[in-house]
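Protein sequence lines, in the order shown, are assigned to chains A and B.
For the first sequence, the numbering used here assigns the number 83 to the last residue and increments by one with no breaks.
For the second sequence, the numbering used here assigns the number 1958 to the last residue and increments by one with no breaks.
Hints listed in this document are in silico derivations from the structure and should not be mistaken for laboratory results.
Computed from a predicted structure; not experimentally measured.
Just so it is clear, CB atoms sit at the ideal spot from N, CA and C, and this is done for glycine as well.
One or more of the hints may lead you astray.
The calculated label-pair distances, taken between Cβ atoms and stated as ranges, are [stated by the list, open to error]:
| hint | chain 1 | residue 1 | chain 2 | residue 2 | range |
| --- | --- | --- | --- | --- | --- |
| 1 | A | S15 | B | G1872 | 33 to 39 Å |
| 2 | B | T1542 | A | S39 | 36 to 42 Å |
| 3 | B | D1011 | A | T72 | 50 to 56 Å |
| 4 | A | T72 | B | A1328 | 50 to 56 Å |
| 5 | B | D1021 | A | E16 | 47 to 53 Å |
| 6 | B | A1536 | A | S39 | 57 to 63 Å |
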Amino acid sequence: MLLIPCPHCGLREESEFTYGGPCRDLPALDGQSDAGTWSQAFHMGKNPRGPLRELWYHSSGCEAWIEVTRDTASHEIIPGGQT
Amino acid sequence: MRRLPAGGLIDRSQTLHFTFDGEMMTGHPGDTLASALLAGGRHLVARSLKYHRPRGIMSAGLEEPSAMVTVRDETGSTPNLKVTEVPLREGLQVSSQNALPSLEKDRAAALGLMGKTISAGFYYKTFMWPQGAWHQRFARLIRQAAGHGKVDPSPDPALYDKRRKSCDVLVIGSGPAGLSAAVTAAQSGATVILMEQDHVLGGSLLSSDATLQGLSAQDWAEDAEEALRVLSNVTVMPRTLAFGQYDHGLVQAVETLPEGSSCQAVFWKIRAKRILLAAGAIERPLVFPGNDRPGIMLAGAVRSYIRRFAVAPGRSAVVAVADPQERADTVAALREAGISIAADLPAGARLLATQGKRHLTGLAWRDAQGRKQRTPCDLLAMSAGWMPTAHLFAQMGERLSFSDQTQSLLPPETDGPLRPIGGARAVLDSADCIADGKAAAHQAMAELEMHKHLNLSRPSPAPASAEVFAAGKGKAFVDFQNDVTRDDVALAQREGYRDVELTKRYTTLGMGSDQGKTSWTNGVLEIAALSGREAAEIGHTTYRPPYSPVSLGALVGAGTGMQMTPILRTPFHSGFEKLGCVFQTSGDWLYSRYFPQPGETMAQAIEREARAVRSSLGCVDMSTLGKIDVQGSDALEFLSRLYCNNFAAIKPGRLRYALMLREDGYVFDDGTIACLGAEHFLVTATTANAGSVWRHMQKCAQVEWPELDVSLTDVSDHWASLAIAGPNARKLLEALGPDFEASRQAFPFAAVREGQLDGLPARVFSVSFSGELSYEINVPAGFAEALLARVMERGAEWNITPYGLETLDVLRIEKGHLSVGTEIDGRRTPGDLGMGGMVSKKKDFLGRALLQRPGLQAEGREQLVGLVPEDGSTIIPYAAHLSDSELDAKGCAATIGHLTAAIESPSLGHPIALGFLRDGRNRIGDVLWAHSPVAGASVRVRVTAPCFYDPEGERLHG
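Next up, chain A with everything else stripped away, as it sits in the complex (with noise of 0.2 Å):
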């Protein structure tokens, strides 16, 4: 049982959260961008032991997606964090 930190409403139990995976840079919606293209971006997410850029919703909270950085491995949440 994680503590978050939602920006808007400071920190919470990870109950409150729905996770949505890590962070994924997904190809624009322009009509340019293929199968192959989507799937690297899509299925080929990064699985790194170690700080890990995740989604969460804060479904029984403000709603907010926000952004946490996780480290895989001891489940610390890095500041701001980046990869």
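Put chain B on the given structure of chain A with help from the hints.
Then chain B, alone, in the frame of chain A:
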């Protein structure tokens, strides 16, 4: 009686009665079951797991491996409770376990004589054949012979609850270190929770004769408790077992409430910025032949029974304590209780054997000079040293390291939120513990920026005694709960199970309800001695919560029966109740299922309801659909990216059916998009996906396309939605007095009108799930009852028939409409569902690119089809599989698809089904088999298009 005439923390003015195996016994408030049993002269309370050896009470705490009993009170019976953990209460009925027929005469005790035969791994090696016999025969016999108490199968009438709390500093344990830490932190202004598993505070101080800061240990503890009780920033929680540490400073605990409370136990989740683990230390037994007889106790337990509970656990004692200071303290305690010292074993003594059938009668030993001695005694106080209780620390995955200095597993220094203090890091002297608690609390306060850094020095762990005892050859128990002997550990090493995890699983060392609290360090030392390795190399097995067993009732809390999940009721619920509705749960919803008339079965009601809709008029609740209000200058662009079909030309007042794909190109959900204005839309989501579609749309708006000017509002609960459907639906709509024109030309299919129905504010959507002319009338939820009353009253002219989920499903299956979870099951492309033509080629949208993957575009994928019985009448079994061939002799056939829905159609007068069939659209007209091994039926079915009723859709327009 072994009760001492004076002293102890018991209330002699009151007598409590309880029974043990039917025998009436007494005790006093302040007793545990263990102390009351010992006061009544009863040591033999259990038979051991495997050998059925007589076992007594070895400890005075949660580490107790042997003395487990079943306790019955007014709420039922609870097995496997340790007598040392149960506070005595009036009327408890206690019974022994694993003894046939009785503790004194256990038939299975003969097993003890065959110890060599049933050593570790015996079962694996012996019951290998005949195949299957293990499950059929042996397991049952062995389970009966070897086991603990039996679960009470009756429902538990006790109430439980769950609560949360947070604090700056959580202190677990109220011995000298815990009390000192709590007082220090509290007086510096931190919010403090002090948890103690026992029903009184004090821990080891309760049985100590030390003088601390000029006070007796008990008075010091009482003063500290007093100092805490007067502070408003402190919560003292006795009877609360902290059983697990989790991420980010979460500790879970179960508080057992005192007798007479309305609630039995509370499951606590506590968030703390710092956790000071003052759980103390557990005494290590000596491993020597016959070390398990009743009457052999840990030295600290002997002192606790004498000083805290005023019980003399024997008359003539042998003291076998390694540490000289503790030995002197134990001798002093025995003298206080008037127990004679039969022998005080000197260092280097070798313990050879014990005598006594059901209780210890004597000890054979050799002194350092090799002279053999036989000492009659009825009590043996033993100690090889102390083991820190650092379990909660290790649960988070940090390894403990074996220290040669303390001869125990020690927690390393850490900057994590949980810090072991006092006995939990092998600081044993009470005054040292007080200093350690204070220093650790100050350190925590400084880290929390609530106090300046004092950098108080922390006392060092107490070294193990240099004096040790030796042991002779024979059955020497390492793990008392699982009957694991020194020979079993040796056998595991010989047979190659050398890794600690393997040794544990092969011998069961450290398993069971005590999780090896008294046995693990001895196990490590045995392995080290046998293998010649350093104890530090051997490591330890994984520590997992719970530290000690907790009641499942407490973990469940109040969430049982109807309280398990919230129940959602639609705004029409009470109105439908008056109409005789039968409800069913559908997800979290309690949804109308059907509306039986007197004497009608469900099937009859469904048929009547369906016929009414097809021939005249029905009404159905649509309030559970998700309704999302989309506004902004980019609202249309936003929706255009979300849905795969093209609706760029949509005009205010019109609506479109729309299909939403996931990013990977599979169909996610379907619904309607209603245009309320140039920059204002209302979209619906299916009931099952209402939450996930909302979440997905939020993600798209916030994360994927933040540049779009769009704002979303979930208005699902704002509106009550009642669909009126049937050939007479327009007549009823007009009768409801709309302030807009409702003629076929003015209000066509797939349109929306906002206005008033005879004064009721309403949005009316001309959409149809049933295939009939239909209007979904939405009113603000508070007007639901008024709308229903008017619809029923004005609709009476056309015999309006309310219908529920069953008929809704029948009507949509007749039309081949999709349902989420059955047809839209997460594996279908628009093409699979017969909607490939809807997918826009003119725009980009979420899912477009990945929908182009070859596998999703391949010929011959499973496609939605309709099915009818070839003979026109045989019922098609639900969930059948489709095949080209008959079942073979083995009952097998190659599957080429499966059914998603099967009904007897009231409108068509014969059975129909929907299903997915490989290359289905090319097989229309073919005859296949529908096999259902579950129903035991195989039916010849003919493939049709999925829409059975009004395929041209003429009825939608009225």
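So, going through the hints one by one against the coordinates:
no., hint, result
1, A:S15 with B:G1872: 33 to 39 Å, "violated (55 Å)"
2, B:T1542 with A:S39: 36 to 42 Å, "holds (38 Å)"
3, B:D1011 with A:T72: 50 to 56 Å, "holds (54 Å)"
4, A:T72 with B:A1328: 50 to 56 Å, "holds (53 Å)"
5, B:D1021 with A:E16: 47 to 53 Å, "holds (50 Å)"
6, B:A1536 with A:S39: 57 to 63 Å, "violated (50 Å)"
Consistency with the previously given hints fails for numbers 1 and 6, ordered from lowest to highest.
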